[in-house]
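Protein chains in written order, with this note's numbering: chain G, 1 to 83; chain C, 1 to 117; chain R, 1 to 253; chain B, 1 to 583.
Careful, some of the hints might be misleading.
With a Cα cut of at most 20 Å, we get these calculated EDC-like pairs of lysine to aspartate or glutamate [to be verified]:
1. R:K167 / R:D211
2. R:K210 / C:D60
3. B:K359 / B:D443
4. B:K368 / B:E533
5. R:K167 / R:E242
6. G:K83 / R:E160
7. C:K100 / R:E242
8. B:K368 / B:D443
9. R:K23 / B:E533
10. B:K555 / C:D60
11. R:K23 / R:E107
12. R:K97 / R:E107
13. B:K359 / B:D373
14. R:K97 / R:E250
15. B:K372 / B:D482
Keep in mind the hints are simulated off the structure, nothing from the lab.
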Amino acid sequence: MSLILGLLLGLAALAGLGVVLSRDPRRQVMAMAANGLALTLLFFALQAPDVALSELTVGTAATPLLFLVTLAAVRMNRVRQRK
Amino acid sequence: MSVLPWLVAAWLFGVGVYGVATSRNFIHLIGCLSVCQSSTYVLLLSLGYRWKAVAPIFYDHPPGTLAVDPVVQALVLTDIVVGATITALLLAMALRVDAKHGTLDPQELRPLQGEGH
Amino acid sequence: MSPRTRLALLCLAGACLTVPIWKVAQALPPFGAPTGAYGPAVNALGPPLRHVSNMVSAVNFDFRGFDTLGEEFMLLCAVTGAVLLLRGTRGESLADKAGIIPGRPRERRADATILICRIFGPLTLVFGLYMALHATVTPGGGFQGGVVAASGLLMVYLGEGYETWRKLVRSRVLDVMEAGGALLFAMAGLSPMLTGAAFMQNVLPLGAFKDMLSGGLMLVENVGVGFAVAGGFAMLFLEFMEETRALKSETQE
Amino acid sequence: MLTQLIPLVVVGPMAIAAALLALAHVLPRYVPDVIAIATALGLSAFCGLLGAYALNHGPLTYWFGGWTPGRGVVLGIGFGVDPASAALAAFVGLLFAAAFVFAWGYFDEVHAHFHVLMLLFLAAMVGFCLTRDLFNLFVWFEVMSVSAFALTAYQLETPSLSGALNFTVTNSVAAFMMLGGVGLIYARAGVLDFEALGKVVAGAGHDPVIAGAFCLLAGALMIKGAILPFHFWLSDAHAVAPSPVSVIFSGAMVSVGLFALLKLALQVFGASADSRFLMHGLFIGLGCATSVVGGLMAWGQRHLKRMLAFSTIAHLGIMLIAVATLSATGVAGFLFYAVGHGLVKGALFMIMGILLATKASVDELDLKGLGKDIWPAGIAMGLGGLLLGGGPLGALDTGTRLVHAAAIAIGPLATAAIVLGSALTGAAVLRATGRIFLNLGPDPGDEAEAPSQKDQEKADRPLWLMLAPCLLLLLLAIVPVDGAKLIVARMAGVLASPRSADGAPPLPGTSLVLPCLSIGLAIIIALLDLFRERLPRPLVSATAGGTQIIFRGLKVLHSGLVGDYVVWIVIGLATFSIAFAFH
């Protein structure tokens, strides 16, 4: 059991680093979804199902979606400004 | 192994702050802020964990079996809501800043300093 | 400061902090060791006193229900602020159709997508309702159920397209749903005070252990949180999506 | 019976805000304004009543959910209504009422969203003052921050909207640090109630976990209290926030942050030698540095809102010196100072709103000599400047004298910093008043074109409607409150030890010398600045050279970049840990 927890903690640390190092916002959204998934697995291993469900819905689905829509709106602004 | 979660929490906070300090795009910066916040999730939940303990949901196993700390989980639930609200507000602000200034790079967005008298 | 000096200062300060962080990590109780009596006390008192099996919901909606009330109004605050920011300067120049980025081909939705979304859209809504209603029994609660229900609404966008989604998801309905949910939570807290009990004291009949309707006042609060969160997140998705609409001028071309 | 109604203080405004949001579309035009003013005044009166009741019968305690701690472990969340917290909550309610009157008709097109956000801001601040649970303190800290973020970004046309982003990011990092501190102390104590935490901390002796928790909590509250080196966000936030919101930021939010630091240092970390060492050593140094840097930056500003923001930072440094002494005199001085400063700074920010509404600018050089037609605002601004500089009347003066009495024990450095801080801020405001309303000072010539943003707030509001709350606040600021020194001393005593029933700690005599010194210095600096060209040439070039070097250095530090601000936060935490190394 402690091996799985150790691995998941390491995975969470790496996923966090992945989000920070992916400088391009579009790629960062994918990294954030992966980070949300890594945290969800860690929370399930830490016997916290409520928090894992919440992290899954918010951290992996809702927040990356908001990022994607913001990026789409920003790109549309740029196209309009260039006109 | 006994100090790994605390170090991972400190690592996530440090990486998040590094991301915010060196970011050249506000949307990337907001992503790094959420990494900085995930350090508090890891710290709090690891504090509540106990070896050989089950989840604090006494549906499958009878009440009284050794369970992890539910108070910490309630705190992290509130914290996840905090994260969602701050991210939503920051993204809305970033959209407005982009619509007005046409750029999302903090370097170019420095507020004008009204100095000199 | 120039980026290089900023990075140098950050590394210097980080180096200074590594020693204290290590000392604190050593002094903290080892991972997995019991910490304090609050958690075990809640685990021991939850089932007998409140007939609920989900201790996290017991803490969230009863022992420390006041925190969740604050959290609920924080969400209300953020959604109002975000909506204000986005809707404030949009003006009337936007058309009802989704914006198109020139040069990108616009494929029609595949039939498979439409079919899957028509099946899983309502299914996600029902699953969200299930999670919100079984808060006191199984993992999940008003908050998680609300977010699942809000993302269930997005299935409509994925399957049917932007115009149908905008017609189906009314911002006025979401506004009332969100404020109504928060108001229901506040009233659920205030009403026990009318009977002389403390704020948010569980005065309703507690129901049977492991039964869906157990937990008395906790269920009412859960429904309030479920409505507020579903309305709040759906409103966020709607307002952010409104930013991607096409300009009226673009649709005339 | 009174204790039964304590939750209404917080849940009342929140329920009204939710109802306003739900009915926003159907309410006629001015109904939200009236409801908001009534709520704020009612809340202020009720808090005052609670404070008076608590003064005679000892601090009241209210347990939510009926979870009174009987089984040894504190299960529920409690409110600890001691007289000092209730008095501060009453002051916050009053300031909100004045801000609502000032904001009458300010926002017409958006349905009541401003009032919803402000009522939530009010409820969060009152909850922040009254709670005795550490995580509940974090929740109210967060609700306060989120409503403040939404309110700063409310003004969509301001040029420096990125100031709202800087404000949001820095205060969010503060929230994460605070939660880290809550986690650490929960790891050691396993409980979240202040009193129970205090017992555990007393028994723990020298413990890195408790020291770490104190560093994180103090750091977070000092970010909210805008203390050096965490103060950078405040001037950006003020430059972008609408005027009624700035009245609350500088008037109440920042001083409530320091009040929470005081409450934690007294009730939770009172017995830990580490935190006492940090308070008496590093924090007093930070207070002095903040006071001087804030004063210098305020004196160098031409954007009036930024000038008042840096003046707030300077006075927060002085309040931190009072808090860090942890003596009864210091605490009593802090309470007077927070209320006095809040009243004066609220009035000054309302004058900024008047200038924005009538003159469409807050740039001192652009407004030179244009203030003739709104001369009452000039009188109010002059009076505000005199009070800030150390004028010998009202709550701010009593507070300054008590802080001086408490700071004497620390050493001449603290006293000099306090005098210099208030003198510089008073001089800045007096100079601006002289230039705008009396047309004094050199004609700007080429400097006038220096880049300063064009700002505009809704213009068609009557002048008397904006001036009435401002004059009310100033009137309250000059009411002599020396008689209340005994009551406030008892409040300070109860705050330090809620359980003990001993009488009020004796307050030493306070001299008038130092405040008069600082107001004299303020007037001299202002006059020197206004009549610069009449002075002999070598004297001017010498002082000009000196100030140029200082300002170039300070301007580089106040860069407006959120990356710098976050690095400064980490540097601040590093200095805390280095200070511990000497312990």
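A quick look at each hint next to the structure:
1. R:K167 / R:D211: Violated - the C-alpha atoms of D211 (chain R) and K167 (chain R) are around 38 Å apart, more than 20 Å.
2. R:K210 / C:D60: Judged against 20 Å, a Cα distance of about 10 Å means the pair holds.
3. B:K359 / B:D443: Holds, at about 19 Å.
4. B:K368 / B:E533: With Cα atoms ~16 Å apart, K368 (chain B) and E533 (chain B) stay inside 20 Å; holds.
5. R:K167 / R:E242: 12 Å, holds
6. G:K83 / R:E160: 31 Å, violated
7. C:K100 / R:E242: Holds, at roughly 17 Å.
8. B:K368 / B:D443: Holds: K368 (chain B) and D443 (chain B) sit about 8 Å apart, inside 20 Å.
9. R:K23 / B:E533: Roughly 59 Å between the alpha carbons, so the hint for K23 (chain R) and E533 (chain B) is violated.
10. B:K555 / C:D60: 63 Å, violated
11. R:K23 / R:E107: 58 Å, violated
12. R:K97 / R:E107: Holds. K97 (chain R) to E107 (chain R) sits at ~15 Å (cutoff 20 Å).
13. B:K359 / B:D373: 10 Å, holds
14. R:K97 / R:E250: Roughly 10 Å between the alpha carbons, so the hint for K97 (chain R) and E250 (chain R) holds.
15. B:K372 / B:D482: 36 Å, violated
Hint check: violations occur at hints 1, 6, 9, 10, 11, 15; the rest are consistent with the structure.
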